[in-house]
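Asker: Modelling step: build the complete structure from the supplied sequences, incorporating the hints.
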Amino acid sequence: MVWRWHAANAAKAARSMARAASARSGTATVAARAMTTSSRRLAAPAETAILEREEAVARGLHSNTIVDDSDPYMVRTYARPPPVFERGAGSYLWDLEGNKYLDFTAGIAVNGLGHCDPEVTRVLADQAGTLLHASNLYHNLWTGTLSRQLVEATQASGGMARDPVRAVFVANSGTEANEAAIKFARKLGKLRDPSGEKTEVVSFQGAFHGRTLGSLSATHNPKYQAPFAPLVPGFRCGTFNDADPAALAALVTERTCGVLVEPIQGEGGVHEGTTPFMVALAERCRAVGAVLIHDEIHRHEHAAVCAAADDFRGRDPRGVGCAGRGDCGDRALGWASRELRST
Numbered sequence: 001m002v003w004r005w006h007a008a009n010a011a012k013a014a015r016s017m018a019r020a021a022s023a024r025s026g027t028a029t030v031a032a033r034a035m036t037t038s039s040r041r042l043a044a045p046a047e048t049a050i051l052e053r054e055e056a057v058a059r060g061l062h063s064n065t066i067v068d069d070s071d072p073y074m075v076r077t078y079a080r081p082p083p084v085f086e087r088g089a090g091s092y093l094w095d096l097e098g099n100k101y102l103d104f105t106a107g108i109a110v111n112g113l114g115h116c117d118p119e120v121t122r123v124l125a126d127q128a129g130t131l132l133h134a135s136n137l138y139h140n141l142w143t144g145t146l147s148r149q150l151v152e153a154t155q156a157s158g159g160m161a162r163d164p165v166r167a168v169f170v171a172n173s174g175t176e177a178n179e180a181a182i183k184f185a186r187k188l189g190k191l192r193d194p195s196g197e198k199t200e201v202v203s204f205q206g207a208f209h210g211r212t213l214g215s216l217s218a219t220h221n222p223k224y225q226a227p228f229a230p231l232v233p234g235f236r237c238g239t240f241n242d243a244d245p246a247a248l249a250a251l252v253t254e255r256t257c258g259v260l261v262e263p264i265q266g267e268g269g270v271h272e273g274t275t276p277f278m279v280a281l282a283e284r285c286r287a288v289g290a291v292l293i294h295d296e297i298h299r300h301e302h303a304a305v306c307a308a309a310d311d312f313r314g315r316d317p318r319g320v321g322c323a324g325r326g327d328c329g330d331r332a333l334g335w336a337s338r339e340l341r342s343t
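Numbering (the numbering used here), first residue to last: 1 to 343.
No wet-lab data here; the hints were simulated from the structure.
Don't take each hint at face value.
Label pairs and their in silico Cβ distance ranges [claimed, not checked]:
no.: 1; residue 1: 193; residue 2: 118; range: 34 to 44 Å
no.: 2; residue 1: 141; residue 2: 121; range: 46 to 56 Å
no.: 3; residue 1: 141; residue 2: 249; range: 44 to 54 Å
no.: 4; residue 1: 67; residue 2: 90; range: 17 to 27 Å
Here are the simulated EDC-like cross-link-like pairs (lysine to aspartate or glutamate), alpha carbons at most 16 Å apart as the crow flies [to be verified]:
no.: 5; residue 1: 100; residue 2: 86
no.: 6; residue 1: 187; residue 2: 197
no.: 7; residue 1: 223; residue 2: 267
no.: 8; residue 1: 190; residue 2: 86
no.: 9; residue 1: 183; residue 2: 197
Built from N, CA and C at the ideal position, the CB exists for glycine as well.
Answerer: As structure tokens, then:
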């Protein structure tokens, strides 16, 4: 009861200060916001919502106003709904008006630990105060350590062979990881076939591999591809889960440098690759010397860094490019065998 009294009075005082600051000067709303932010730590959820609504009004901020003001300056990649989100905590988001939303998108499968996880927030703040970015031209304390931990953990789980050693390619997004995997495959195809004919990349209906031009060329959906045609040449499309040997032989040929497949497809539903199909596909890739690329975007972090789907553990594909979304942000990882790494 004492806590609720203290919280209610703190919220009331902060609202009063916010109104006064707003009346004195528009620039003073920054100070008012800082005061109300600190009071949120003491306020109960219902009181916090009221406080935030009144604070937004005091600052003259409304979702519709923000949308109208900013929309002309932004490329409209999506038809965004009206709420303007200001903050998040755990599984919830709050808009400028203080309305609370249960977030089912998690930043499109990025924020696996939720919004503003205290430990993640602390680590990000500490690193931002130490070193943000020095490019991949130089070493830093963490990228190599992370890569080693990922390789060792995946090998220990049986997800990839211990020898030859695998290496990690760190990228900003899943589509970039797939672009790198396609480049690895094409470059290795040139080395395996000096005639230059081994350049074809195979992917499958129902997959989504990204929106950059190479990854988009492997995403056989007219809705995504048509506006940007002509696409990158040399991409072929197969039927997912068709394990017929004759069909696979016609699809994956001596001209194939790489095969890009999602062991679990997530576009338009959840579709798992069957054991006969995934095993037959791996065997066909070995037979023609094609790089098998697993796009593991729809598996969780541990599974996403594995070099093969569960059905392949121990089978050791020739080369795997694996795109994964991490728990704390949009993190993409590409795996490469020693042969691919040296290309």
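Asker: Compare the structure with each hint and give your call.
Answerer: Checked hints:
no., hint, result
1, 193 / 118: 34 to 44 Å, "53 Å, violated"
2, 141 / 121: 46 to 56 Å, "20 Å, violated"
3, 141 / 249: 44 to 54 Å, "49 Å, holds"
4, 67 / 90: 17 to 27 Å, "26 Å, holds"
5, 100 / 86, "11 Å, holds"
6, 187 / 197, "12 Å, holds"
7, 223 / 267, "13 Å, holds"
8, 190 / 86, "50 Å, violated"
9, 183 / 197, "15 Å, holds"
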